[in-house]
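> Spelled out from the first residue to the last, the chains are:
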Amino acid sequence: MINRRATTTAIAALGVAGLASGCLSAGNENANSDGSAASGAGKSTISVMYGLGPDTEPGFKADLSKFAEAEGITIEFIKAASWDTEIRTKVQGGNPPDVGLFPQPGLMCDLAKQGELIPYDAATVATNKETLVPGVIEAGTCADGEVYGLPSALSVKSVLWTDAPAFAAAGYTAPTTLDELLTLTDTIKADGTTPWCIAAESGAATGWPITDWIEDLVLRFAGAENYDKWVTGELKNDSPEIRPAWEYFEKIAFGDGYVRGGTKSIVATNFQTGGNAMFEQPPGCYLFKQATFVANKGGFPDTVIADLDTKTGPLPFPAKTVGDNAVLIGGDIAAAFNNDANTLKVRNFIASKENGTEQQKAGGFSPHTTADVSLLPNKTLQTIASEVLYKATAARFDGSDLMPAKVGAGTFWTEPVKWLSGQQDLDATLKNIDDSYPTS
Amino acid sequence: MDIKILNAVIAIIGGIGGAIIIFWILNKLAESLKGKWEDRVKPWMFAGPAILAIAVYLIYPAVVTLQYSFANEDSTAYVGFQNYIDLFTDDGFLSVLYNNVLWIVVVPALTVVLGLGVAVLADRLRPPGEKASKTFIFLPMAISMVGAATIWRTIYDYQPEGAPQTGMLNAILAFFDQAPVFWYGESTLHFNSLLLMIILIWTQVGFSMVLLSSAIKSVPEDTVEAGRIDGAGERRIFFNIIVPQIWPTVITVFITVLIGVMKVFDVVYVTTNGAYNTDVISRRFYDELYTQGNNGYASAIVVILMLAITPVLVYQIRHFRKEEAAR
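Top line first, the protein sequences correspond to chains F and Z. Position 300 of the first sequence, counted from 1, bears residue number 289 in my numbering, the numbering being contiguous throughout. Position 296 of the second sequence, counted from 1, bears residue number 1395 in my numbering, the numbering being contiguous throughout.
In short, the hints are calculated from the structure, not lab data. Just to be clear, a hint being listed does not mean it is correct.
To give an idea of the interface, some chain F residues facing chain Z are shown, with a C-beta separation under 8 Å as derived from the structure [as the list claims (entries may be wrong)]:
#1 I67
#2 A70
#3 T74
#4 N84
#5 T195
#6 S254
#7 T403
Yeah, the Cβ is synthetic: ideal placement off N, Cα and C, and Gly gets one too.
Same shape as in the complex, but just chain F (with noise of 0.2 Å):
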C-alpha cells in the first residue's frame, strides 16, 4: 500500500517536472530565434512592449499600426502593467521584446550599460534633433554618450492647474515669477481659503508627484546645467545650488494652512484626484501642480473634463525671473533590444516626426516643434502646447526618471515620503537621498 502511494507520488513530480522542463524549453527557444534574426534579415512579427496607460494606448497603437500596415509588419503589442518589473524579468529571462518604450530613461541606461540595447545611429539622431524640442535627445543618451531612446509622445509637467472661473472670481491672477507664487500663496490664505492641493499618494509608488515639485523647482533655482549635473549625482541634493529648490517647496508643503488637509495629508491623498477639490463649491484649493495627464479620465472629474476649456486654467509653473521658459517634460522612449532590420524601422518611426498623428488627437503631445498643434483635442492643450512646451527655452526630461533607478525610483519617491509624514527633518531627507547614490 505504502509503495503504490510512493510510486503515485514519485510519477505525480515527475509529471510535474516534465511540464516544467517543457515550458522551459520553450521559451528558449523563443530566445534563440531572437539570436538567429538578429542578422538584420528583417522579422516579420515585432513585439512591442511599453506600460503606457489607457488614455494615451489606444493613440499610440493606431498610430503604430498604420506604419507597420504599409511596411507589411505584423506589431505585437504587450502592455505591462507593472513596467520595471516586467521588463527586468524579460530581460533576465532571455526574453525581451523587440522594441520596448521606456518611462524611466534611468532604467533605459541601465540595460545599455549592460549590452542589452542598440543605440540609434548618427544619421537619425541627426535627422531628429532638427525638430526635437531641445533637451530630449540629451534625456535618452546614455553614459557612454550614444542615443539609446527617443520619445513617442510628451507630456508637459510645468503645469499649475486652476478652476479658471473660481480663480478670477476671487480676483486673483497668474503669478509670473516664483515669488509671485508665494505672494498669491499667502494672498489666498489671508482670504480665509487654502491655497494648495498636493497630492502624492500612488500606491507602492508613492512620492513620485513630489519629485515632479522639485524637479521644476531645482530647474528654476539652479538652471539647465546645473540641473543636469544634480541628475547625474555630481551635485548633492544638499549643496548650495539645490538645496534652495527643497526648500522653497518645504515653504509651501509646511506653510501653516498652506495645503489642504495639512502637510501630511499630501502623501494619503491620490495623485490622480487630489486636485478636484479646486472644483468644489466653495473651492477646497485654488492651485494644484500635475502633469497634462490629470486632464483626463480618471483624473479630474468628468463634468471638469468635458469642458476643460471653460472649466480650467492651465498656468506655466511661473518662472524664477521672468522669461526665462524652463520646462519639465515627461514621455515614453522608444529602444530597441536588437538591430533586427524591422525592429530598428519600427523603433525609428517611432522616434520620428512622422509618427503621433492619433497621438495628439488623443492629448499626447509629439516631442518634435513641427507637429501640427490643432490636432489636439481642445483649447487647453493646445495652448499648453504653443506657450509652455514649443516655446520653451531649455526643456528638461522628468530627472527622477533619469538618475539611477535605486535613487529615482527608490529613495527620491521614499524619503520625502518619510519627511512629510514627520518621520525625518529636510537634512536627514537630503542626506539619505544622496547617500543612496551609486558610488561607481
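We have chain F; now place chain Z onto it with these hints.
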C-alpha cells in the same frame, strides 16, 4: 496563440507520457538485476528522478542564492560578508526585522485564539446557525490578499479634513467632529503595522476555525462527561480536557500561519509599500531585487529569511512525525 496552445498540449502529453515511459524503463532495468540487487536498486529508480527534480528546482537555486549573497549587486565579484554587515548595521533593515518579529508574535497567536473562540462558540449553536456563522467567517479565506487590502480600504481610507470621509474609521471620527487620521501613517507603537496585521488575521481566522472546529468535534464525548461527573466546571473542562486533546491541531495551525506570516508581502506591498515604518522582510527583498537591482542584498535577505524559517520547519516535521507515530 494557437501554436502556444499546441505547444502546451504537446508539453503535457510529452511530459506525462515521457515520465511514464522513463519509469517503465527504469523499472524494467531494475527487474533485470538479480536477486537482492533488484530490491536494493528499485527504490532509487523510483525516488531518484524526484530527488533529481528537487535538486534542480529547489536545492540548486538555494545554493546559488547563498553564493550570490556573498557577491556584489551584479553578482560579478565576491564581497565576503559585506552584504550581511551592511544589512545588520542598517537601521532601516533592523526595524524591518523588528516589524517581522511583531508580525510573528501577534498574528499566529491571535489567529489561533480567535479561530478557537469561534470554533468553540459556534459548536454551541444549533446546526443552521453554526453553518451560517462559520460560512461568514470562512468567506475571507477565498479573497486574495490584494482584494482583502482593497476591501479594508473602505475602513482605513483617509480624505483631507472637510471632504466627505469614505473610510469607516474616519467617518466615525467625523461624526464625533474629530479630525480624520491617516491610519497607515500612524507609526506610534507600530499601530499601523497592527492595522495591517488585522487584515491578514481577518483572512486567516477562517482557516484556523475550520481545523480547530473539526478537532473539537472529534474530542470523545465520554472524556468530557467523565470530567463533568468528577465535578469540573466549564472552564476546567475546556482547558484541562478539550485543549490538551486538540493541542496537536493547535500547533499545526499555529505553525502554518507562522510560516505564512514570515513570508508576508502582499498586504504590506499594496497598502503602504513599506512606508511609515511598516516594512517587512519579504517586501524589502522585493525592493532590493526589483527597484534597487541589488542581487547581493536581495540574496542575503532571502538567506536570512531561510535561516529564520528553518527551525520552524524542522520543528513542524518532528511534530508531524510524532503525530504519525502516535497513530
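> Run every hint past the structure and note whether it holds.
Status of the hints after comparison with the structure:
1. I67: violated (13 Å)
2. A70: With a closest approach of 12 Å, the F:A70 hint is violated.
3. T74: holds (5 Å)
4. N84: violated (13 Å)
5. T195: Hint on F:T195: holds, closest Cβ of chain Z at ~6 Å, below 8 Å.
6. S254: holds (5 Å)
7. T403: At about 6 Å, which falls below the 8 Å cut-off, the nearest Cβ of chain Z leaves the hint on F:T403 intact, so it holds.
Comparing the model with each earlier hint shows violations of hints 1, 2 and 4; every other hint is respected.
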